[in-house]
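K.L.:
As they're listed, the protein sequences go chains P and L.
Heads up: the first sequence runs through residues 1 to 479, numbered per this note's numbering.
Heads up: the second sequence runs through residues 1001 to 1052, numbered per this note's numbering.
These are computed hints drawn from the structure, not numbers from a lab.
Every value quoted in this text rests on a predicted model; they were computed, and no experiment measured them.
Careful: at least some of the hints might be erroneous.
Which residues of chain P face chain L? A partial, calculated answer using Cβ under 8 Å [stated by the list, open to error]:
| hint | residue |
| --- | --- |
| 1 | Leu19 |
| 2 | Ala390 |
| 3 | Asn467 |
Just a sample of chain P residues kept apart from chain L, beta carbon distances all over 10 Å, derived [unchecked claim]:
| hint | residue |
| --- | --- |
| 4 | Met61 |
| 5 | Leu150 |
| 6 | Ala162 |
| 7 | Ile176 |
| 8 | His194 |
| 9 | Leu200 |
| 10 | Ile219 |
| 11 | Asn242 |
| 12 | Arg244 |
| 13 | Val247 |
| 14 | Ser429 |
| 15 | Leu452 |
Every residue gets a Cβ at the ideal spot worked out from N, C-alpha and C, and that includes glycine.
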Amino acid sequence: MSVVRPLAPAADESAWPLLPSERTWGPTRLTLTLATTAAATWCYLIGESVGSYLGFIQGAMALTGGCFIGMLLVLLAAGPACVRFGIDSVASTKPQFGSRGWVVPALLQAVSIIGWNSLLIIFFAKSAVQLGVALGLVAPGTSSAGLVPLLTLFACAVIFAALRRGAKGVSLVSNILFVHVFVGLWMLYLIVSHRWPELLAARPALAAPQRLWNYTTGIELGIGSTLSWWPYIGAMIRMAPNGRTVVLPVMLGMCLPVPLLSLIGLAGVLVLKSSDPAEWLRTVGGPTYAVVSLAFVTAANFGTTTAGIYASAVGLRNFQALQPRSWTTLLLFTITPVACVGIFIPELFFAKFGNFLALIGVAFAPLCGIQIVDYFVLRRRRLDIRAMYAQGPAQPYVFWSGFNPAALVALAVGCATYVLLLNPLTFRSSTWYPHLTASLPAAMTAALVYFLSGALVMRSGRGGYRNLRRAEHERQNAT
Amino acid sequence: MNDARDGLPPALEARIAALETAAPDTDFDSASWIWMVSLGVVLPAALIVLGW
């Protein structure tokens, strides 16, 4: 039996698998961290989108239902490998995409997280400027053009300082900022209790003539919102010791705050024609409420960005060239693009990059479908942890020159399916979309293509499928 | 021996060797599956039907 060295102090700063003794986060700590990660300005944007098509009750039901469906897909896709071996989301794709092909999901993760973090840090800086005005620290009418870069730099410096402690830094920030989730729920209570009759009577501004289309879009927005947690989830749940510890924190701590806080934006856009609570809380409760709201938005975006930078840094650690680099260097690699965007091109990025992020988000549904069918159907829940990290042409996850064409083709077909059903930029849709959604068929098509082409890969003897079956056969004989 | 075969740094090799013997064979236990099916399938189905 191998002798295990004493625990490396920075195991959570690497992309290597964590040992069971290093995975010490219990359900409470994980829930706090995941909830703080989930609650951010994007919740208002999601609520605003849903409120464009659906009324309050229908929107709440469709969005919440969709969020839980998307969260389950993410948990079933990345969860098994992450909870068994203490690895992150990117490393969990190596059995499907290959010993080099995992760079595709890694790039998706990096672009998605860095892009979203840049947007959130700009939101943070803008909210902080508004907060300064509300508190009398900044003169009214002061242009945010000069302050946003400074506040971005300040936020990046604080996040950098917190994350030098690795996962502990994420947990620390979450423990401090978790209260903002309750502030968000209080804001929801305020608008619902003050405007309930109007909420029930409010009509969505952009509702399509077809009632089913509107309802399906509410569900789709929910599914898409929680599917975008795929890049984040692995780096967090790998800190927990087993699947049982992870399920409720993910399904309730990470998923539930999204629809709940989105209801703030949904209610705001329906009744007050603004999803930004800082605007309508001033109307409802005066300047004090506006200050509370701005503090909430500022804290929320800060917490999410901290977790995102951490997840992104761990994901980048999978690149061999970055493995020997210090954690500080890796953090700089991750945080510098975010800082540069916030300092040099905040307005341009704010105006243009949202569309690109919408396109990137299309890939997560097929990615989940591929991972689920590979793990539960083709590999029958057996993974080779050594093959995920070992180098050499004889390793099972090398496939062809490190790439598994089955996964790449399935991903492309899944993305194409999504775009054919629903254009994420224009929301133009096919006739099938109202009956199917776009994310679920994209995941299922990718899973089907992967399953069929995976059968060919299995026949070729690549991918390590035969080794697993042989091992299973030997074990059955032994018993 | 493994280092030469797999090209792994010694610290990673030690981790993987430990996990090959100590990592759990299962991902989610039956209670976890019940929660996942309840919250990821039954609850959303009920919400979607009720909302419609």
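K.L.:
Please go over all the hints and tell whether each is borne out by the structure.
P.N.:
For each hint, the structure was consulted:
1. Using the Cβ-Cβ criterion of 8 Å, the hint placing P:Leu19 at the interface with chain L is satisfied: the shortest such distance is roughly 6 Å.
2. Annotation: P:Ala390 was flagged as interfacial toward chain L, and the flag holds, the nearest CB pair being 4 Å apart, inside 8 Å.
3. This hint is violated: P:Asn467 has a C-beta 14 Å from the nearest C-beta of chain L, more than the 8 Å allowed.
4. The claim that P:Met61 is not at the interface with chain L is violated, since a C-beta of that chain comes within 10 Å of its own (minimum 2 Å).
5. Against the 10 Å criterion, P:Leu150 stays outside the reach of chain L, whose nearest CB is about 41 Å from its own CB.
6. With a cut of 10 Å on Cβ distances, P:Ala162 stays outside the contact zone with chain L, its closest approach being about 26 Å.
7. Against the 10 Å criterion, P:Ile176 stays outside the reach of chain L, whose nearest CB is about 28 Å from its own CB.
8. Every CB of chain L lies more than 10 Å from the CB of P:His194, the least distance being 23 Å, so the non-interface label holds.
9. Interface exclusion of P:Leu200 from chain L stands, the closest Cβ pair being 14 Å apart, more than 10 Å.
10. Distance check on P:Ile219: its Cβ comes as close as 6 Å (rounded) to a Cβ of chain L, failing to clear the 10 Å threshold; non-interface status is violated.
11. Distance check for P:Asn242 against chain L: the nearest CB is about 6 Å away, which does not clear 10 Å, and the non-interface claim fails.
12. With a closest Cβ-Cβ approach of about 5 Å to chain L, P:Arg244 is found to fall inside the 10 Å limit, against its non-interface label.
13. Not every Cβ of chain L is farther than 10 Å from the Cβ of P:Val247; the closest lies at roughly 4 Å, contradicting the non-interface assignment.
14. A cut-off of 10 Å between C-beta atoms confirms that P:Ser429 is not in contact with chain L; the least separation is 18 Å.
15. Non-interface status of P:Leu452 relative to chain L is upheld: no Cβ of that chain comes within 10 Å, the nearest being about 25 Å off.
Against the hints set out earlier in the document, violations occur for numbers 3, 4, 10, 11, 12 and 13.
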